[in-house]
Amino acid sequence: MGSESQQPVQVFVIDDDDWQLRAVSAILRRPEIHTCWSPHRPEVQTFTDPVDAVASYPSQGRVVTLCDLKMPGASGVDWLPDLLRASQGPVIMLTGSGDEGMVVASFRNGAADYVRKTDLARDPEVLGRAISDALRRHRLAEKNRELAFQLKQSNCDLATRNRKLKELTDTAHRFVDNVAHEFRTPLTVIQEFASILNDGIGGEVNDKQREFLGHIESSVRDLSQMVDDFLDTSKLRANRLRVNRQPCRVEDVLERVRPKLQAGAASRKVELVERIGADLPELYCDVEKAGRALLNLVGNAIKFSPSGERVTIDAGLDATGSVAIRVADRGPGLSDEDIGLLSGRFQQFGDSRRSGKGFGLGLNIACDLAMLNLGRVHVESTLGEGSTFTLTLCPNDRNTIVRRYAEVFAKPDEPMAVSALRVTLPKLAPPSLEDARSLIAANGGGDGIVLSSMSSRTLVVVCPMSRVVEWRKAVATSWSELTDEPWQEGEGASRASVSQMGSWRLPECVDDLLAAITPGPLELRASA
Amino acid sequence: MRDQLLVIEDDPQVAAAIRIRLDAAGYDIREARTGEQGLAALDEGVPSAVILDLRMPGIDGLEVCRRVRAEDRWRGLPVIVLSANVTDDVRKLALSAGANEVMAKPYEPKRLTACIERVLADSPKDDFATTRSPS
Chain A
22 MGSESQQPVQ
32 VFVIDDDDWQ
42 LRAVSAILRR
52 PEIHTCWSPH
62 RPEVQTFTDP
72 VDAVASYPSQ
82 GRVVTLCDLK
92 MPGASGVDWL
102 PDLLRASQGP
112 VIMLTGSGDE
122 GMVVASFRNG
132 AADYVRKTDL
142 ARDPEVLGRA
152 ISDALRRHRL
162 AEKNRELAFQ
172 LKQSNCDLAT
182 RNRKLKELTD
192 TAHRFVDNVA
202 HEFRTPLTVI
212 QEFASILNDG
222 IGGEVNDKQR
232 EFLGHIESSV
242 RDLSQMVDDF
252 LDTSKLRANR
262 LRVNRQPCRV
272 EDVLERVRPK
282 LQAGAASRKV
292 ELVERIGADL
302 PELYCDVEKA
312 GRALLNLVGN
322 AIKFSPSGER
332 VTIDAGLDAT
342 GSVAIRVADR
352 GPGLSDEDIG
362 LLSGRFQQFG
372 DSRRSGKGFG
382 LGLNIACDLA
392 MLNLGRVHVE
402 STLGEGSTFT
412 LTLCPNDRNT
422 IVRRYAEVFA
432 KPDEPMAVSA
442 LRVTLPKLAP
452 PSLEDARSLI
462 AANGGGDGIV
472 LSSMSSRTLV
482 VVCPMSRVVE
492 WRKAVATSWS
502 ELTDEPWQEG
512 EGASRASVSQ
522 MGSWRLPECV
532 DDLLAAITPG
542 PLELRASA
Chain B
7 MRDQLLVIED
17 DPQVAAAIRI
27 RLDAAGYDIR
37 EARTGEQGLA
47 ALDEGVPSAV
57 ILDLRMPGID
67 GLEVCRRVRA
77 EDRWRGLPVI
87 VLSANVTDDV
97 RKLALSAGAN
107 EVMAKPYEPK
117 RLTACIERVL
127 ADSPKDDFAT
137 TRSPS
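Going down the list, the sequences are from chains A and B. Letter by letter, the first sequence follows residues 22 to 549 of our numbering. Letter by letter, the second sequence follows residues 7 to 141 of our numbering.
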């Protein structure tokens, strides 16, 4: 019992029958009736008219009201709302025989209990028990209301805090965007004027001047690369880096960055040699992001190459059948200690600790971009002989994609729950499935993968369980963008639909996930 | 006959760099510092192509692009967006506003001139033959 229950309790008794009032008061004063809910003898006030009772409730302290059900004029049921409001305590109805209908009505109006007057004579303790129970329930209800209020209050506080946090991150993102913009504008001016001078547009330039201007140009190039890296890094940390993985060729990746690579090599007087193996398998990656990873690796190789040396970009198959782009330089190379440090860092995705000293933002973001593409970066080097950084990209093969996804996004000590969604698009729909696949991937974000299925018009989305709602939205948005029709989910062969196939913990359940999303022989036959 | 380009760019130094580069590449350059000035310049005479910045005070580049595309008389006018803030989203927005090409700053000069040559080769020159100013 808390201290609250030790407070004196007042009892108001309302009955038009004066004799009844006296009888009830007498019972209430008996110790065996009140000790279980009031250690002291309760203060009892009696009223023949409810109007007087309503006017007499104290502003503080607890009052239990016993009210006759049948009174001349308005009944106890009719008075209940007023009594409850004025007393802020439980109201127990005193009933005669044959009042059952009104008892039900009084409960509906908020009565705590009822006591039959006929029982009082036989067993007066029924009154004590009724009051005790009513008080306990009333206190519990009060406590509940208080807790509910506190909960509501904390929810409000949380919502406010969330809103403020969101405003703060939005401001931070806008700031980062603005900083990038503000940096690039003067960089454009410096780079272009150096280049204008170097091209002889401002008059003849001698070799010495040309060399100096080349230094300006290449440093500006480095600086603008750093701005890009800085922007990518901050977006990556905020989960805002959009990634659009789709089937592509290694040539697509190289083509995208070739002009920049060549300009960089030319300004450092480094020879760039490209070798692309024949018949390389199709890749599954975001061409732009993979290109930027490569840009960083090659940029680094060029930076550490002595003038006149050669950097080779060699694309071929590695031992596991993946496409590996090897970037080899003949620079100073790395010590074993540095290699160990780098390799350790290259195994963690999006780890902010990694942006540490020495290796710059470039290698870190290259590694993050590679992983976002389900690829990886690794390094081999001999001190004094040069380094080879290898960017391995993910082949467009269902099993490898899913396994790499599990490796990159989940760690044994940090497992991730993923869900698989089967996206069925109508057979006769205008968009080709491949368009839908890449659009859903782009709209969904980098934390999920979209796989084509053997059966026609079906895709499989694998995404974190916590993001299923967003990925469903991405499907609907993509559908609308492709067809100009609102997304309408429904049953039947002609309707598009998204159904959840199940959830798995990665990385340990990757085989179960693969088994579940790989079409069975029946499905294969149906699509053949 | 030299093709005329209208450069709408609020940063005077960037505008100067573009002017000098493109003048050396054989183009006549007109300049506008704001979106409003750019549209007024188009009213005075239609160039062969427009080089358009996105972030500008007043009417921004996207809006300029939309207004150009809304006018029948400028329908085939090539617009190259040249912005220091090119992301996938911005590229998408600019293309859907009607830009023919989107390039990021800082730009490789060779890529910019190649881009201009490409859009000029693709544009239906006869549409503008009457308004193009001879040099």
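Honestly, the hints are just simulated from the structure, not real lab data. If you're wondering where the values come from, they're calculated on a predicted model, not measured in any experiment. Take these hints with a grain of salt, some might be off.
Stated by the list, open to error - Here are the computed lysine to any residue pairs in the SDA-like style, where the Cα-Cα straight-line distance is at most 20 Å: (1) B/98 <-> A/464; (2) B/98 <-> A/231; (3) B/116 <-> A/231; (4) A/281 <-> B/116; (5) B/98 <-> A/466.
Said to hold, decoys possible - Computed footprint of chain A on chain B, listed as stretches where at least three residues anywhere in the stretch have a Cβ under 8 Å from a Cβ of chain A: (6) 7-16; (7) 24-36.
Glycine is no exception: its CB is placed at the ideal position from the N, C-alpha and C atoms.
Now for the hints, and whether the structure bears them out:
no.: 1; hint: B/98 <-> A/464; verdict: holds, 13 Å
no.: 2; hint: B/98 <-> A/231; verdict: violated, 38 Å
no.: 3; hint: B/116 <-> A/231; verdict: holds, 18 Å
no.: 4; hint: A/281 <-> B/116; verdict: holds, 11 Å
no.: 5; hint: B/98 <-> A/466; verdict: holds, 16 Å
no.: 6; hint: 7-16; verdict: violated (count 0)
no.: 7; hint: 24-36; verdict: holds (count 4)
The structure does not agree with the numbered hints 2 and 6 stated previously, though it agrees with the rest.
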